[in-house]
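S.K.: Residue numbers (UniProt numbering), protein chains in the order written: chain A, 1 to 389; chain B, 1 to 389.
Because the hints were derived from the structure by calculation, they are not lab data. Please note that a few of the clues may not be correct.
[What the hints assert, rightly or not] Straight-line C-alpha distance at most 16 Å; calculated EDC-like pairs for lysine to aspartate or glutamate: (1) A:LYS11 <-> B:GLU7; (2) B:LYS171 <-> A:GLU7; (3) A:LYS327 <-> A:GLU294; (4) B:LYS354 <-> B:GLU379; (5) B:LYS79 <-> B:ASP59; (6) B:LYS167 <-> B:GLU207; (7) A:LYS171 <-> B:GLU129; (8) B:LYS362 <-> B:ASP380; (9) B:LYS11 <-> A:ASP3; (10) A:LYS11 <-> B:ASP3; (11) B:LYS11 <-> A:GLU294; (12) A:LYS362 <-> A:GLU334.
Number of protein chains: 2
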Amino acid sequence: MRDFIYEIPVKVYFGREQFGHLGQELSRHGKKVLLIYGGGSIKRTGLYDKVVSEIEKADLKLYEYSGIEPNPRIDSVRKGAQLCKEEHIDVLLAVGGGSTIDAAKYMAAAACADCDPWDFLEKKAPVKEALPIVTILTLAATGSEMDACGVISNPETHDKIVGMSPKLFPKASFLDPTNTYTVSAYQTACGAADIMSHVIETYFNMEDGLYMLDCFMEGLMQTVVKFAPVALRDPENYEARANLMWASSWAINGFISGGRSHLWSCHPIEHELSAIYDITHGLGLAILTPRWMEYCLNERTVSKYYQFGTRVFGIDASLEPMTVARKSIELLSEFFFKTLGLKSTFTEVGIQKKDFAHMAQKACEGDVLQSGLGPLKQEDIEKIFEMCL
Amino acid sequence: MRDFIYEIPVKVYFGREQFGHLGQELSRHGKKVLLIYGGGSIKRTGLYDKVVSEIEKADLKLYEYSGIEPNPRIDSVRKGAQLCKEEHIDVLLAVGGGSTIDAAKYMAAAACADCDPWDFLEKKAPVKEALPIVTILTLAATGSEMDACGVISNPETHDKIVGMSPKLFPKASFLDPTNTYTVSAYQTACGAADIMSHVIETYFNMEDGLYMLDCFMEGLMQTVVKFAPVALRDPENYEARANLMWASSWAINGFISGGRSHLWSCHPIEHELSAIYDITHGLGLAILTPRWMEYCLNERTVSKYYQFGTRVFGIDASLEPMTVARKSIELLSEFFFKTLGLKSTFTEVGIQKKDFAHMAQKACEGDVLQSGLGPLKQEDIEKIFEMCL
Chain A
1 MRDFIYEIPV
11 KVYFGREQFG
21 HLGQELSRHG
31 KKVLLIYGGG
41 SIKRTGLYDK
51 VVSEIEKADL
61 KLYEYSGIEP
71 NPRIDSVRKG
81 AQLCKEEHID
91 VLLAVGGGST
101 IDAAKYMAAA
111 ACADCDPWDF
121 LEKKAPVKEA
131 LPIVTILTLA
141 ATGSEMDACG
151 VISNPETHDK
161 IVGMSPKLFP
171 KASFLDPTNT
181 YTVSAYQTAC
191 GAADIMSHVI
201 ETYFNMEDGL
211 YMLDCFMEGL
221 MQTVVKFAPV
231 ALRDPENYEA
241 RANLMWASSW
251 AINGFISGGR
261 SHLWSCHPIE
271 HELSAIYDIT
281 HGLGLAILTP
291 RWMEYCLNER
301 TVSKYYQFGT
311 RVFGIDASLE
321 PMTVARKSIE
331 LLSEFFFKTL
341 GLKSTFTEVG
351 IQKKDFAHMA
361 QKACEGDVLQ
371 SGLGPLKQED
381 IEKIFEMCL
Chain B
1 MRDFIYEIPV
11 KVYFGREQFG
21 HLGQELSRHG
31 KKVLLIYGGG
41 SIKRTGLYDK
51 VVSEIEKADL
61 KLYEYSGIEP
71 NPRIDSVRKG
81 AQLCKEEHID
91 VLLAVGGGST
101 IDAAKYMAAA
111 ACADCDPWDF
121 LEKKAPVKEA
131 LPIVTILTLA
141 ATGSEMDACG
151 VISNPETHDK
161 IVGMSPKLFP
171 KASFLDPTNT
181 YTVSAYQTAC
191 GAADIMSHVI
201 ETYFNMEDGL
211 YMLDCFMEGL
221 MQTVVKFAPV
231 ALRDPENYEA
241 RANLMWASSW
251 AINGFISGGR
261 SHLWSCHPIE
271 HELSAIYDIT
281 HGLGLAILTP
291 RWMEYCLNER
301 TVSKYYQFGT
311 RVFGIDASLE
321 PMTVARKSIE
331 LLSEFFFKTL
341 GLKSTFTEVG
351 IQKKDFAHMA
361 QKACEGDVLQ
371 SGLGPLKQED
381 IEKIFEMCL
């Protein structure tokens, strides 16, 4: 078991009636607030008006940057950071899902630095300072509301890179499950797949870890399996939206990986898919994950699949471990592709064989694929891609 | 489901090789360190020398206050706070279990105030400021290393009162499981009972809450049930000590109660026992908890016992809920009194019937017994006491 440091300084306001704290949370950091959001759905839902009203009530000065893309682009980060510098912004308020929050994080870092923001991602330039960030979450998926990471895309170079720094933790996040009532069935499904994948990446790790955290991960996965279908059937079910929302934060805020390596497998591979094809992250993960599990199943790894199958899906514990393992992959596939209704193959989403070698080669850069269920080389990833066709 | 605010700003260094961070953590807060500890077991184990050496290496000035009692007394708090004021202490370093850390918390508060420290407890005087606290945990039990609470006793008035304030969160806590290798079997057992009870108090609550947190609580309880016997059998088992240690923090740091009321039942009752009899807190809880569960079992509450029995103890889910419920109480009693080897009755620990009315009456002060499995009045508590004889 590895030593670890636990530190999650984010304050979370969870529930329906927490909005009244927004002005006070922003005011802690200054007067000039940059409101950052995406394509404008927050105007249709009325959330925009509520936010503006709270900002006015608190006598703060409002600036705006909208149009953050899904798979947010480095150019948006550059422009937002420029605006922060020009207007001497004090605090960033990101309203949206992971893309908006991730973009805000690197705007906040770039606003306090002289380098190009892409240097934080590509060259791993350390984030020495960042403007404070407050978030209002509208999509349960990436967990960016409670972690120190951000993923930014560079369409020019077809790169999609994850960065992290303790300076990027939001100061406060507002998690009101009713703000996800209007999330489409497709995005709800992709979000659920994303949460599930964050847990699976950490859970399927052959290092000795804390049993207590395995139990918690199993609970998170059971939660997603139980409530994602409820949210799809009944989008305004508070209990379902609340469970998915809090699970999204805890699946990736760092708690569950205590004692084990933080290295993941499917995420770095998926980033290469969405860097070229711009598909939704959760969808790419759903297609990849069961194939990766199938590819990595062997005598050395089977015990973890057995634990997963019996404890998350309730498969009969008296069956042979290998039988349980295969059954668990089937049930996970069924969850992604039948229950959540996500497309199940590369062919359906237009990912082509001609890019396999290139994407697999890029995914292998660095040492990220050395851990988890076992080391993966370029040829392994290409084989996993073949299984996804 | 209630709204809630989540905020746990404690930094935790977990593992065997984290000690090197101690000097740096203390130095953040100043030069003058008050080392607080109990009866001197840390000198026998060598931990004292290690701590002093780190403090010297970091060029800090060391002061000491030792002799904190189990069920720490307000008089120790007064003396420690006085020393902080006289010597202009910058930071408190509590090395020990919950008693030492709780005492340090109220020393830290009283050092920044003019009132008598007992006012924080008895009169609920707000803690406006407190000196920073760093802890090194040597006993997995109370969770004080990661929460904002402290329990202080006043032997003159036979009061034992819990207080809390966000100002009392330790800044950093060092959790090295090897520091609990020398904990006696009896204290290991009492600690396990304490952790178990913290979870049970939160879990047995008939309000609608987050399913995800129920799963996590079940995981915490499974962890204690699995590893407490291992730690008793094999005191230097790292995995067992690590799981118990991290479980102790998460059983009470506030995370698991998100969405439900924080009101507890057995703890306020037990505090009346140990206020008069000075028994170990975990032992009192172990004796009380199964009787409280038995007393509160009815048609309205049975579903929670059923969930507990099937998911924590693996009782056959096809049995009648009431049968599962009774069986779950039996298994919990067996865990406390056979597996952990704790005494099972008031008679064995010398608690006498003549004090029942008085203790029950005091436990009912305030509204703390209105929640959980249902409201309890003085006569209910007296009946629970009778069951403990």
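S.K.: Could you run down the list of hints and mark each one as holding or not?
M.R.: Evaluation of the provided hints:
1. A threshold of 16 Å between alpha carbons decides the hint, and for LYS11 (chain A) with GLU7 (chain B) the separation of about 5 Å falls inside it, so the pair holds.
2. At most 16 Å may separate the alpha-carbon atoms for a hinted pair to count; LYS171 (chain B) and GLU7 (chain A) meet this at roughly 10 Å.
3. In summary, the hint linking LYS327 (chain A) to GLU294 (chain A) is supported, as the alpha carbons are separated by about 11 Å, within the 16 Å threshold.
4. Restraint check for LYS354 (chain B) and GLU379 (chain B): satisfied, since their Cα atoms lie roughly 14 Å apart, inside the 16 Å limit.
5. A distance of roughly 26 Å separates the Cα atoms of LYS79 (chain B) and ASP59 (chain B); the hinted pair therefore is violated under the 16 Å criterion.
6. Distance restraint check for LYS167 (chain B) and GLU207 (chain B): the Cα-Cα separation of roughly 29 Å exceeds the 16 Å cut-off, and the hinted pair is therefore not satisfied.
7. Note on LYS171 (chain A) and GLU129 (chain B): the hinted pairing is violated, with a Cα-Cα distance of about 21 Å set against a maximum of 16 Å.
8. A C-alpha spacing of about 13 Å is found between LYS362 (chain B) and ASP380 (chain B), which places the hinted pair at or below 16 Å, so the restraint holds.
9. In summary, the hint linking LYS11 (chain B) to ASP3 (chain A) is supported, as the alpha carbons are separated by about 14 Å, within the 16 Å threshold.
10. A threshold of 16 Å between alpha carbons decides the hint, and for LYS11 (chain A) with ASP3 (chain B) the separation of about 14 Å falls inside it, so the pair holds.
11. Under the criterion of a C-alpha separation no larger than 16 Å, the hint pairing LYS11 (chain B) with GLU294 (chain A) is inconsistent with the structure, at around 38 Å.
12. The hinted pair formed by LYS362 (chain A) and GLU334 (chain A) fails the criterion: a straight-line CA distance of about 30 Å is larger than 16 Å.
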